[in-house]
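Top line first, the protein sequences correspond to chains A and B.
Going left to right, the first sequence walks through residues 1 to 478 as this note's numbering numbers them.
Going left to right, the second sequence walks through residues 1 to 478 as this note's numbering numbers them.
A portion of the hints provided could be inaccurate.
If several chains are the same, the list does not tell them apart, and a pair holds so long as it fits within one copy or across any two.
DSS-like, lysine-lysine: derived pairs with alpha carbons at most 30 angstroms apart [stated by the list, open to error]: (1) Lys395 x Lys205; (2) Lys104 x Lys82; (3) Lys255 x Lys334; (4) Lys386 x Lys466; (5) Lys135 x Lys26; (6) Lys55 x Lys84; (7) Lys104 x Lys420; (8) Lys255 x Lys207; (9) Lys62 x Lys255; (10) Lys420 x Lys180; (11) Lys255 x Lys308; (12) Lys420 x Lys84; (13) Lys148 x Lys104; (14) Lys27 x Lys135; (15) Lys313 x Lys180; (16) Lys313 x Lys369; (17) Lys27 x Lys369.
These are calculated hints, taken from the structure and not from any lab test.
2 protein chains.
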Amino acid sequence: MAKEKKVEQITSMDVDFGQWYTDVVKKAELVDYSSVHGCMIIRPYGYAIWENIQKDLDARFKATGHENVYMPMLIPESLLQKEKDHVEGFAPECAWVTVGGQNKLSERLAIRPTSETLFCEHYRNIIQSYRDLPKLYNQWCNVMRWEKTTRPFLRTSEFLWQEGHTMHETAEEAQEETIKMLHVYRDFYRDALAIPAIIGQKTEKEKFAGAEATYTIEPMMHNGYALQGGTSHYFGDGFARSFDITYTGRDNTVKYPHQTSWGVSTRMIGAIIMAHGDDNGLIIPPAVAPIQVVIIPVAQHKEGVLDKAYAIKAELAKTLRVKVDDGEQSTGWKFSQYEMKGVPVRLEIGPRDIENNSCVLVSRVTGEKKFVSLDNIVEEVTAMLKAVHNELIEKAQANLESKTYVATTHEEFLDIAQNKPGFIKAMWCGDVECEDQLKDETGGVKSRCIPFVEDHLSDVCVCCGKKAKHMVVWGRQY
Amino acid sequence: MAKEKKVEQITSMDVDFGQWYTDVVKKAELVDYSSVHGCMIIRPYGYAIWENIQKDLDARFKATGHENVYMPMLIPESLLQKEKDHVEGFAPECAWVTVGGQNKLSERLAIRPTSETLFCEHYRNIIQSYRDLPKLYNQWCNVMRWEKTTRPFLRTSEFLWQEGHTMHETAEEAQEETIKMLHVYRDFYRDALAIPAIIGQKTEKEKFAGAEATYTIEPMMHNGYALQGGTSHYFGDGFARSFDITYTGRDNTVKYPHQTSWGVSTRMIGAIIMAHGDDNGLIIPPAVAPIQVVIIPVAQHKEGVLDKAYAIKAELAKTLRVKVDDGEQSTGWKFSQYEMKGVPVRLEIGPRDIENNSCVLVSRVTGEKKFVSLDNIVEEVTAMLKAVHNELIEKAQANLESKTYVATTHEEFLDIAQNKPGFIKAMWCGDVECEDQLKDETGGVKSRCIPFVEDHLSDVCVCCGKKAKHMVVWGRQY
Numbered sequence: 001m002a003k004e005k006k007v008e009q010i011t012s013m014d015v016d017f018g019q020w021y022t023d024v025v026k027k028a029e030l031v032d033y034s035s036v037h038g039c040m041i042i043r044p045y046g047y048a049i050w051e052n053i054q055k056d057l058d059a060r061f062k063a064t065g066h067e068n069v070y071m072p073m074l075i076p077e078s079l080l081q082k083e084k085d086h087v088e089g090f091a092p093e094c095a096w097v098t099v100g101g102q103n104k105l106s107e108r109l110a111i112r113p114t115s116e117t118l119f120c121e122h123y124r125n126i127i128q129s130y131r132d133l134p135k136l137y138n139q140w141c142n143v144m145r146w147e148k149t150t151r152p153f154l155r156t157s158e159f160l161w162q163e164g165h166t167m168h169e170t171a172e173e174a175q176e177e178t179i180k181m182l183h184v185y186r187d188f189y190r191d192a193l194a195i196p197a198i199i200g201q202k203t204e205k206e207k208f209a210g211a212e213a214t215y216t217i218e219p220m221m222h223n224g225y226a227l228q229g230g231t232s233h234y235f236g237d238g239f240a241r242s243f244d245i246t247y248t249g250r251d252n253t254v255k256y257p258h259q260t261s262w263g264v265s266t267r268m269i270g271a272i273i274m275a276h277g278d279d280n281g282l283i284i285p286p287a288v289a290p291i292q293v294v295i296i297p298v299a300q301h302k303e304g305v306l307d308k309a310y311a312i313k314a315e316l317a318k319t320l321r322v323k324v325d326d327g328e329q330s331t332g333w334k335f336s337q338y339e340m341k342g343v344p345v346r347l348e349i350g351p352r353d354i355e356n357n358s359c360v361l362v363s364r365v366t367g368e369k370k371f372v373s374l375d376n377i378v379e380e381v382t383a384m385l386k387a388v389h390n391e392l393i394e395k396a397q398a399n400l401e402s403k404t405y406v407a408t409t410h411e412e413f414l415d416i417a418q419n420k421p422g423f424i425k426a427m428w429c430g431d432v433e434c435e436d437q438l439k440d441e442t443g444g445v446k447s448r449c450i451p452f453v454e455d456h457l458s459d460v461c462v463c464c465g466k467k468a469k470h471m472v473v474w475g476r477q478y
Numbered sequence: 001m002a003k004e005k006k007v008e009q010i011t012s013m014d015v016d017f018g019q020w021y022t023d024v025v026k027k028a029e030l031v032d033y034s035s036v037h038g039c040m041i042i043r044p045y046g047y048a049i050w051e052n053i054q055k056d057l058d059a060r061f062k063a064t065g066h067e068n069v070y071m072p073m074l075i076p077e078s079l080l081q082k083e084k085d086h087v088e089g090f091a092p093e094c095a096w097v098t099v100g101g102q103n104k105l106s107e108r109l110a111i112r113p114t115s116e117t118l119f120c121e122h123y124r125n126i127i128q129s130y131r132d133l134p135k136l137y138n139q140w141c142n143v144m145r146w147e148k149t150t151r152p153f154l155r156t157s158e159f160l161w162q163e164g165h166t167m168h169e170t171a172e173e174a175q176e177e178t179i180k181m182l183h184v185y186r187d188f189y190r191d192a193l194a195i196p197a198i199i200g201q202k203t204e205k206e207k208f209a210g211a212e213a214t215y216t217i218e219p220m221m222h223n224g225y226a227l228q229g230g231t232s233h234y235f236g237d238g239f240a241r242s243f244d245i246t247y248t249g250r251d252n253t254v255k256y257p258h259q260t261s262w263g264v265s266t267r268m269i270g271a272i273i274m275a276h277g278d279d280n281g282l283i284i285p286p287a288v289a290p291i292q293v294v295i296i297p298v299a300q301h302k303e304g305v306l307d308k309a310y311a312i313k314a315e316l317a318k319t320l321r322v323k324v325d326d327g328e329q330s331t332g333w334k335f336s337q338y339e340m341k342g343v344p345v346r347l348e349i350g351p352r353d354i355e356n357n358s359c360v361l362v363s364r365v366t367g368e369k370k371f372v373s374l375d376n377i378v379e380e381v382t383a384m385l386k387a388v389h390n391e392l393i394e395k396a397q398a399n400l401e402s403k404t405y406v407a408t409t410h411e412e413f414l415d416i417a418q419n420k421p422g423f424i425k426a427m428w429c430g431d432v433e434c435e436d437q438l439k440d441e442t443g444g445v446k447s448r449c450i451p452f453v454e455d456h457l458s459d460v461c462v463c464c465g466k467k468a469k470h471m472v473v474w475g476r477q478y
């Protein structure tokens, strides 16, 4: 009966992946829609995932020497215009404040789409000497980019994110930081979100407005689409020159510092949903799951059952995030409910289990049922959580591998693009014309990145046949 | 020599309290100014205080059953207008977005000055039955109120805060929540910020736009001024009626739920500065201090000194926030620097100390020096931190008591208001005319609150001589 209910609840992912996604975010109570253009309400269960993400990532940033700061949310138009490429990239998608209090403003203020310009203005004030470097700052905040079509977590006008902004004495040091933070993201995706990903450099066409180089982490979703999961930019001294940020070096000459920025956002929750979910709903990786274990009492009206459930909770809660559901709904309803919510491990405890000093653990990924002794319940649950993490990453890795194709000819590329959703590895000459052509011909397959590890597939560009410079991973994206 | 330096650094608080405040926030590197109207940059040291405040308060909110959510930062004008008193209170101080992307918007959007209206819109969607109640939500976010005159932390156009918004079945339950959260704030001020405060109810004139009752926590600053340190509002079912939020009750009839909201902000950092600081700079209460102990190596070039300093740090860092300053500046400069930054305890360690297996601890509040054995350094430092907390609260309590006056006649009230900065306890008839008159006559002394514990000072209003209804605490405010 529980099974039937599940099937009713949401669209199957194979039938309509987009509708499945929409169903899941609503049914799992991650978001609600609002009357505000392109903005979402993140409900407690969704926000708790974000809090767990923040806590984990923030510790990684601090362990690598970064400090948090807070900049204003508004950017005067003249400040945004200081760096030419940057304003061209962002001004078209800004929300503009033109009235403050009762008065029309003399200058428009953009709600920050990103904060490079604000950080630069501040850095100009506080950097004078090489002794002031490096500056390793990060900010957790909301940003806004006016979007026409929106989808919860994946593309919303307002979203929550972190943006690291750092300043360094030398180009080498800044480049090293750029790559280091990309690896922090890669590790976080792998170890906390259980999502493997390709990392590499964006092409000129796809890089960030104002950057010299943009690096990206590109996980694959269940349906073969890519999600740009995070980016890390090397700016050289371009912004420093535009904003006149200088410092006196060790050799007593005046120099420009070198800059980076890097960010990930609530979009990661979209990645979790689409990398791990199934037809029963969400599957949240244990490291960021708001509830890691849900305890469902069976025949809870019987004497001792609820007491035992709460005793087990008390034991587990010392190290884990645990909930007992003693509500009036049926156990079948509860099973479906916490499957929908993607709780990694379910613990069932009833009168017979108590007699046997045991309980049942069920993995959300495999559905495997395991009878375990209550004597070492903490170890058993912890082990199953670890197994869930490993199963998730293996499943995602298998999906990535099975949906990554190699194209050595133009025809092959178009055939794969049309018939096989996934990543395509193919050689590229380095010209934007070929990127544009492939995108047009395929209706949206774009270069994801030049991966750090390139295969040599052939000598020539898959599009124009000229000498190839790089292997590129291509794919459709959210 | 260190003493001389300190005197140079900042204006004395007795000479010019306002300038002292400005000097401290800059010299202690809490904030920087920006080119954005009325917005401040919160620097790492200032933001770290906020992070500690958030962590502590958030745990208190969760322990009382609250969940965090995130609402959009923009409010359509029509939504803001749904509750009449509310829009009158806030619309005049909103920043308005009128252009999104390239297009003029058909409806203006306010950057949230507070989020009652957004929560109500959401509650309308998710509350149907008494089973959906209570809803105990909180949000950590930025808000904006267009201010003419600004001062870091105390009054800025943008500030960071938390706003609790809860919905309940009955008026009694909502009223209980309102008072409960005020006490959470009171406990936090006392136990974490070491700031005693008066709590009570705002008069009709001073209550929040749209509330039935507003409660407040009013700590006293060093100079006798009040700071509205946090508020908790009971809304009755007013917003619920305006937003058509209903639920089916236990008796199967349709009812309006009862609502509260409550908030504290980065303004609390202003309270810390002005309640505890002295002519040497900040004093940060240990519970929220970014650095609780700074270790200053003396004669650090001598063999073993830095090693020992770092060994002590490793020991202390297991439970405390510790920094070793091994920079090239003189120890005198360092002493002044960390006094300015308000680090509660300084630990000095030099060659002779190491020979004696001891070190020196210095309290930031009393300047007391204590030679302690390294054998139980964790206990000694922990004990001194506790002593610092107690000394801070005792000092603040003494300041509050010595600057709280009683006025039983109009003349006495005006005399105190003119000559003795502080709080004035005086009887009041309950009429807004008397509040207005006293404010006008004194150039700004306002009712702070009707405290929960009222003294009976006389039978008549200190202003008009009519029968008194309440004892009110009056004072000038930031």
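Do the hints match the structure? See the list:
1. Taking identical chains as interchangeable, the C-alpha atoms of Lys395 and Lys205 are never at most 30 angstroms apart, the minima being 32 angstroms within one chain and 62 angstroms between chains.
2. Proximity of Lys104 to Lys82 under the C-alpha cut-off of 30 angstroms is found in both arrangements, the shortest distances being 23 angstroms within a copy and 24 angstroms between copies.
3. In the homo-oligomer, the alpha carbons of Lys255 and Lys334 lie at most 30 angstroms apart only across protomers (29 angstroms), although the nearest pairing inside one protomer, at 63 angstroms, exceeds that limit.
4. Within a single copy, Lys386 and Lys466 get their C-alpha atoms no closer than 48 angstroms, and across copies no closer than 73 angstroms, so neither meets the 30 angstroms cut-off.
5. For the homomeric pair Lys135 and Lys26, the shortest alpha-carbon distance between copies (18 angstroms) is at most 30 angstroms, but the shortest distance inside one copy (41 angstroms) is not.
6. Within a single copy, Lys55 and Lys84 get their C-alpha atoms no closer than 35 angstroms, and across copies no closer than 40 angstroms, so neither meets the 30 angstroms cut-off.
7. Taking CA atoms no more than 30 angstroms apart as the test, Lys104 paired with Lys420 passes in neither setting, with 54 angstroms inside one copy and 42 angstroms between copies.
8. For the homomeric pair Lys255 and Lys207, the shortest alpha-carbon distance inside one copy (26 angstroms) is at most 30 angstroms, but the shortest distance between copies (55 angstroms) is not.
9. Taking identical chains as interchangeable, the C-alpha atoms of Lys62 and Lys255 lie at most 30 angstroms apart only when both belong to the same chain, with a minimum of 28 angstroms there against 49 angstroms between chains.
10. Taking the closest pair of Cα atoms, Lys420 and Lys180 never come within 30 angstroms of each other, the shortest separation being 34 angstroms inside a single copy and 59 angstroms across copies.
11. Taking CA atoms no more than 30 angstroms apart as the test, Lys255 paired with Lys308 passes in neither setting, with 68 angstroms inside one copy and 38 angstroms between copies.
12. With identical chains, the CA atoms of Lys420 and Lys84 are never at most 30 angstroms apart, being 40 angstroms at best within one copy and 57 angstroms at best between copies.
13. Both within a single protomer and between protomers do Lys148 and Lys104 lie at most 30 angstroms apart by alpha-carbon distance, with minima of 26 angstroms and 14 angstroms respectively.
14. For a Cα distance limit of 30 angstroms, the shortest separation of Lys27 from Lys135 across copies, 18 angstroms, qualifies, whereas the shortest one inside one copy, 43 angstroms, does not.
15. For the homomeric pair Lys313 and Lys180, the shortest alpha-carbon distance between copies (27 angstroms) is at most 30 angstroms, but the shortest distance inside one copy (39 angstroms) is not.
16. Taking the shortest alpha-carbon separations for Lys313 and Lys369, only the intra-copy value of 19 angstroms comes in at or below 30 angstroms, while the best inter-copy value is 48 angstroms.
17. Taking the shortest Cα distances, Lys27 and Lys369 sit within 30 angstroms of each other inside one copy (25 angstroms), while across copies they are farther apart (61 angstroms).
Of the hints listed earlier, those the structure fails to meet are numbers 1, 4, 6, 7, 10, 11, 12, in rising order.
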